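So that you can map any letter, position 517 of the sequence shown is 517 in the working numbering, and since no number is skipped, the others follow by simple counting.
Please note that the accuracy of each hint is not assured.
When the alpha-carbon atoms are kept at most 20 Å apart in a straight line, the in silico EDC-like pairs for lysine to aspartate or glutamate are as follows [what the hints assert, rightly or not]:
1) Lys218 to Glu270
2) Lys218 to Asp325
3) Lys218 to Asp311
4) Lys218 to Asp238
5) Lys449 to Asp495
6) Lys505 to Asp156
7) Lys266 to Glu172
8) Lys425 to Asp494
9) Lys274 to Asp169
10) Lys92 to Asp494
11) Lys131 to Glu502
12) Lys92 to Glu502
13) Lys357 to Asp444
14) Lys423 to Asp387
15) Lys266 to Asp238
16) Lys274 to Glu330
17) Lys310 to Asp325
18) Lys492 to Glu82
19) Lys266 to Glu330
20) Lys274 to Glu199
21) Lys218 to Asp156
22) Lys505 to Asp494
23) Lys181 to Asp169
Distance windows between CB atoms, simulated [said to hold, decoys possible]:
24) Gly477 to Lys181: 48 to 56 Å
25) Ala461 to Asp182: 42 to 50 Å
26) Lys271 to Asp507: 19 to 27 Å
27) Ser193 to Asp325: 30 to 38 Å
28) Lys181 to Val280: 15 to 23 Å
29) Val333 to Pro290: 16 to 24 Å
30) Asp444 to Ser86: 21 to 29 Å
31) Gln256 to Glu379: 31 to 39 Å
It should be emphasised that the hints constitute simulated quantities derived from the structure, not laboratory data. Please read these numbers as outputs of a predicted model, since none were measured by experiment. All C-beta atoms in this analysis are idealised placements derived from N, C-alpha and C, irrespective of residue type, glycine included.
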Amino acid sequence: MRISRSRASGTALLTLAAAGALTTALLAPIGAAADDTSTTEDPCKDFPALSDADRRAGNCVPGNDIARMNDRGTKLDAEADEQSSSNVRRLKTIPKQGSFATVDALNSDLAFSGRYAYAGNYNGFTVYDLKNPAKPKVLSQVVCPGSQNDVSVYGDLLVLSTDSSRSDDSCESTAQSATIKDSWEGIKVFDISNPRVPEYVSAVETPCGSHTHTLAPKARKGGWGHDKKGGKGHRGEDLYVYVSSYSPSATYPDCQPPLDSIGVVKIPTEKPEKASLVNVPVLFPDGGNPGNGYTRATSGCHDLTAYPSKDIMAGACMGDGILLDISDREKPVVTEDVRDDNFAFWHSATFNNDATKVVFTDELGGGGAPTCNPTVGPEKGANGIYDITRRGKLEFKSYYKIPRTQANTENCVAHNGSLVPVKGKDIMVQAWYQGGWSMFDFTDSANPKEIAWHDRGPYDANELVTAGPWSTYYYNGYIYSNEIQRGFDVFKVDDRRIRGAERVKFDELNPQSQPRYRE
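Could you put the whole structure together from the sequences, leaning on the hints where they help?
This is the structure in structure tokens:
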């Protein structure tokens with residue numbers, strides 16, 4: 001059932017030599033669960049790789065019954081070896097290194113600027129040099145623990161999300177219970193004007209931390225404005241950061257229920273050290289989706305995707321999928337809200353280039369469960385594809401889920417992806433954790449079709465270890481994927497259906513802050 005409701009409107013830096021040798025100061029592995037859960041029952045104690053917010057939300061057990069997602073006894077057609085469609089080549093893999101090499105140090109999101117890729121990890125972030133995309137090199141590694149460490153870049157600035165309760169806002173912090181008032185969670189800002197030596201600039205504490213964040217620059221009156229092609233920032237701009245978090249608790253002084261809001265952080269581009277929280281707008285004055293035993297109740301947003309040049313944003317907010325007007329960056333307004341009983345957890349969103357469609361994802365199982373099998377079926381843990389009508393309504397058209405059955409030791413569900421810039425087409429490439437990645441055409445919203453895919457096979461054939469691609473994005477002719485355990489992957493897809501995409505060149509790409517490309 002789908003319901004639509006309208007609304008009125010001190011860095012530890014490790015620099016690598018050209019040969020890739022790593023000088024490392026080892027850290028004790030950080031657990032994703034930094035909070036002290038002794039005062040409350042932890043339904044996800046057997047899923048230590050999940051982030052604090054995912055564990056507090058019970059995302060290991062959507063529907064309160066993980067047995068529904070278990071396909072034991074079913075004959076699976078999944079092979080253990082690496083597989084792909086015939087049009088895919090894996091060109092290079094750079095394994096996790098140094099302090100990022102432990103199983104608990106999960107690779108997370110990706111962002112791109114010029115010839116560099118910035119890859120998040122629960123222990124910090126890595127800068128890769130893509131001068132030769134087929135042979136990327138590690139340029140530098142910044143150790144700064146605090147899951148999930150999702151990254152975004154804008155001009156000479158990098159923004160990093162911290163969603164695990166820490167002792168302070170430094171990169172030398174340690175895990176500390178969220179029940180302690182002085183604990184810290186939020187965003188950190190780095191200067192990446194020299195990507196070999198990123199410098200910590202400032203930090204902003206936000207309510208319930210920052211599970212993810214989204215950039216939306218705005219020119220000040222009389223300012224130069226932003227290059228809509230995705231170029232570097234200019235003087236006279238403010239960079240707005242929309243901060244998503246969820247799952248409050250009465251025991252957390254800085255994360256009290258109800259959490260029906262997001263955070264808005266303002267970063268003056270010329271003075272990023274003056275970054276501050278400027279608003280905490282309420283998005284769900286009625287409390288949002290109350291949940292139904294399968295769909296999670298809404299208590300915050302997981303992810304927001306902005307389309308700054310069009311002043312719109314799509315939100316995936318646990319039990320709700322929403323559209324927002326962000327023409328006033330500090331005061332976003334929800335304009336449309338939809339729900340779907342097949343969605344356990346609204347996770348992320350991607351517009352098509354014309355902003356006439358949105359692909360929402362359902363992270364059934366919180367990314368920690370095997371949901372790509374016949375028992376779960378094709379409509380759960382899938383994408384929901386929606387058209388945006390001329391009146392701004394979201395109109396459901398279809399589901400898309402990878403057709404390959406995955407093993408019971410493979411966490412698999414829809415996750416992060418981006419557009420492939422093909423003229424006149426709506427094509428997306430997307431990570432599916434241990435389901436690998438899939439490229440599909442949704443030009444016909446009601447009939448999406450797969451174009452290409454890649455699957456490395458189970459990370460561990462005997463037990464479920466959180467692994468697989470966290471984020472898979474297209475950038476300037478290549479597919480880049482941040483594999484949670486195996487490292488940074490580069491792929492090439494040779495297919496007539498995406499020819500011409502390589503002519504579109506981005507100076508910068510944050511998939512959660514979509515640039516419009518010229519067709």
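Practice problem: Compare the structure with the hints numbered earlier in the document and write down the numbers of the violated ones, lowest to highest. | Solution: Of the numbered hints given earlier, the structure breaks just one, which is hint 7.
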